[in-house]
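Number of protein chains: 2
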Amino acid sequence: MPDTTLDPTLDPARRSWVPGAATPGADFPLQNLPFGVFRRARTHEAPRVGVAIGDAILDVTACAALGVLDDDGDALDAARACDAPALNPLMARGPAARRALRRALSVLLGDELPAGRQALVAQALVPQAEAELFLPAQVGDYTDFYASVHHATNVGSMFRPDQPLLPNYKWVPIGYHGRASSVVVSGTPVLRPSGQRKGPDEPAPTVGPSRSLDYELELGCFVGQGNPLGTPIPLAEAEAHGFGVVLLNDWSARDLQAWEYQPLGPFLAKSFATTVSPWVVTLEALAPFRAPLAPRAPGDPAPLPYLDTPDDRARGGLALTLQVTLRTAAMRAAGLPPFVVSTGSALDLYWSFAQMVAHHASNGCNLRPGDLLGSGTVSGPVPESRGCLLERTWRGAKPLALPGGEVRRFLEDGDEVVFTAWAERPGAVRIGLGRCAGVVVPRDAAG
Amino acid sequence: MPDTTLDPTLDPARRSWVPGAATPGADFPLQNLPFGVFRRARTHEAPRVGVAIGDAILDVTACAALGVLDDDGDALDAARACDAPALNPLMARGPAARRALRRALSVLLGDELPAGRQALVAQALVPQAEAELFLPAQVGDYTDFYASVHHATNVGSMFRPDQPLLPNYKWVPIGYHGRASSVVVSGTPVLRPSGQRKGPDEPAPTVGPSRSLDYELELGCFVGQGNPLGTPIPLAEAEAHGFGVVLLNDWSARDLQAWEYQPLGPFLAKSFATTVSPWVVTLEALAPFRAPLAPRAPGDPAPLPYLDTPDDRARGGLALTLQVTLRTAAMRAAGLPPFVVSTGSALDLYWSFAQMVAHHASNGCNLRPGDLLGSGTVSGPVPESRGCLLERTWRGAKPLALPGGEVRRFLEDGDEVVFTAWAERPGAVRIGLGRCAGVVVPRDAAG
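Top to bottom, those sequences are chains A and B.
If you count the first sequence from 1, position 274 lands on 274 in our numbering, and the numbers rise without skipping.
If you count the second sequence from 1, position 20 lands on 20 in our numbering, and the numbers rise without skipping.
Next comes chain A alone, as it looks inside the complex (with noise of 0.2 Å):
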């Protein structure tokens, strides 16, 4: 981890010279550098590694092929694994190699850089808004975990109102198997699922499409360099697993999990699409944002050993805000604007990414290089700040009033949801996870 004092990545008083780069608010300044899969839109292009910066987009092969990493053997060996469709060569070659790199392209991006270098440089920028991104790893495979104390007790509390909270919560971090072939890059339009669903009065199930479509705002960690099976990851070292971290909608059919989940956990529910952004904002641009998760309860078990260090206890969280907007059909007609439906934070998760990389392998289980891992939906303990549909409507019985006279339970055809998120403090310059968005699709709109 960086010493965020010393890290001359991190120092807020330096500015890129790149266009939009220094907009307050912005989310891709000088001292965030997340990694992407690009190439020019509506060309043939191989995708490849790109760096978002302001308005832009840095190609890493390009400025290879430019030279101006000659003089850094380090930075310019891992920018030729850059050179790829997605993350995984980068990711293999573990945080020495990323943070070379980043050192490397925060030089070539800041201001003192003389002007007709920046000219140069400038030959590998590509402006976002004529730029297609794609899924940034490919994904080997997704764990969903469920680290929101909040929305597992809000959720228990639904369907088993006499033991919200099962006994085991507060000693493992639950998490499952996700399907990993249908991970999608932000934008990809999400077809409402059919399936098998049943109501409680209901003598036989029915088959449709779901009539209880869900979000779940979820942040993603992929992870950066493997364990090999059989050899478990100590909490300590599980951050050096790591990579970087993305915005994740675990999109779900209520009805269908409902129906289908007992014994086995959701299945088709969720199989049919998970959205993630496609910037992944490193540990490193994220030091500064570290602190310890909200406390526990009083009267909660310490984690294990095996789940427990002085490091994670004080630093294993995200201070980042996530927010959830909608934006019906009807809105977009009218012209306005999204509604926020949520702002939460991930501080208030009771599990850390590093005590889930621990736990993982905790039995020798191999995690492989752009492995996702999902936090589970985000929810705090205010209304306000529940990550889904099913919490923050209480399962429709509260419904969401929009602007424009329409209400929603649960999402309708043409509904678009957008998750942004963010992390601002006092002497940091703020950095932005970026968007990640999708629309509801009605499956006979499917081509």
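It is possible that part of the hints are untrue.
[To be verified] To be clear about the criterion: a stretch of chain B counts as covered by chain A if any three or more of its residues have a C-beta under 8 Å from a C-beta of chain A, and this derived list gives those stretches:
no., segment
1, 19-31
2, 171-185
3, 248-262
[Said to hold, decoys possible] Each computed DSSO-like pair below joins lysine-lysine, with the alpha-carbon atoms no more than 27 Å apart:
no., chain 1, residue 1, chain 2, residue 2
4, B, LYS198, A, LYS170
5, B, LYS398, B, LYS198
6, A, LYS198, B, LYS170
7, A, LYS198, A, LYS398
Just so you know, these hints were derived from the structure itself, not from any lab.
C-beta: ideal position from N, C-alpha, C; glycine also.
Following the hints, complete the assembly by docking chain B onto the known chain A.
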């Protein structure tokens, strides 16, 4: 689906000239021709696709290089997909390419082939005893179903005596996502996992090696050609998306499972290892052994329309006999043979693989070439046909008495579990699936 009576690759009168292929009881006669991935042991050769025949492996890439496929363009084209370290490229080409290759290889390996030509083809044979076998496919997603009503009822009656079978079971082919990264090929040692376990009378969980390690006898089905996200697969087309079957051991740590699995399903109890047999037996080779699944019990609902076709009712099942043997370290030391723990039938499943595929894709989930579907534990109606120790010893209440005087409730370190399976019927040549084997290794013995 090939017509058994017309497909010359299934003609029971034909024999192969390769040693071992015509031995009665052999797994790999001319009529089988399963695909796998191999290289010569103790070499650095590139792993590549081969076909098991008798005691040998036919190197498909070498056949193409020898020119013996030159008079069959379709087969030669399919053979080019075999110069790869996994079956995925061949799988992606779909059933027509696979069948073309199968027909051409059957001609090359049949004893009608002129002797001079046999000598040429023999240059492409590698003895199985001199080969190293690999995982046959790169598994994008591994889905484990729960398709044995006997298994579900037995396990349910231990954990929920008042409601052994949940209300959804007879409507929904229950399945869940498994861990793809830890799928390994037969012969890979299985490290006993550690994890949290808590007895019902213990105040808090403890962490340590699993005390109730189990196997699960399953059939696995590899997906061939995939479907695009958002496009369901009708049941009538489901088998065109299958490639072939293997034996699958879904190793399970029952104590970890009992503590962790609520509410989202098994996780670390399974993700430490899943073993598959190396030879993928194609749907073409299984054509003579198609049969209806065991009839549903009186009063059971008919499958919903999307899970019901006349063809699936008539021949959705695979008439495969499945057997589990156990051999402990003490038995090996004493020269005792493996002990047959159970023998069952894949016809005792409640759902066919075609139904599993159609259900899996019914919400638009995309399956990809190389995806692996497990049947779930294959158990039958009698104790001797129960496919895991949890059921076979009824949670340890009825321990197995082994030759040599040992007893087993669950697996001990040093135990070797071997699955085999075969199909035979009058008028067809017996075929086998080979072996799915693993030895349990204590954690401290791991390198």
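* Asked: Can you give the numbers of the hints that this structure goes against, from lowest to highest?
  -> Of the numbered hints, just 1 does not hold.
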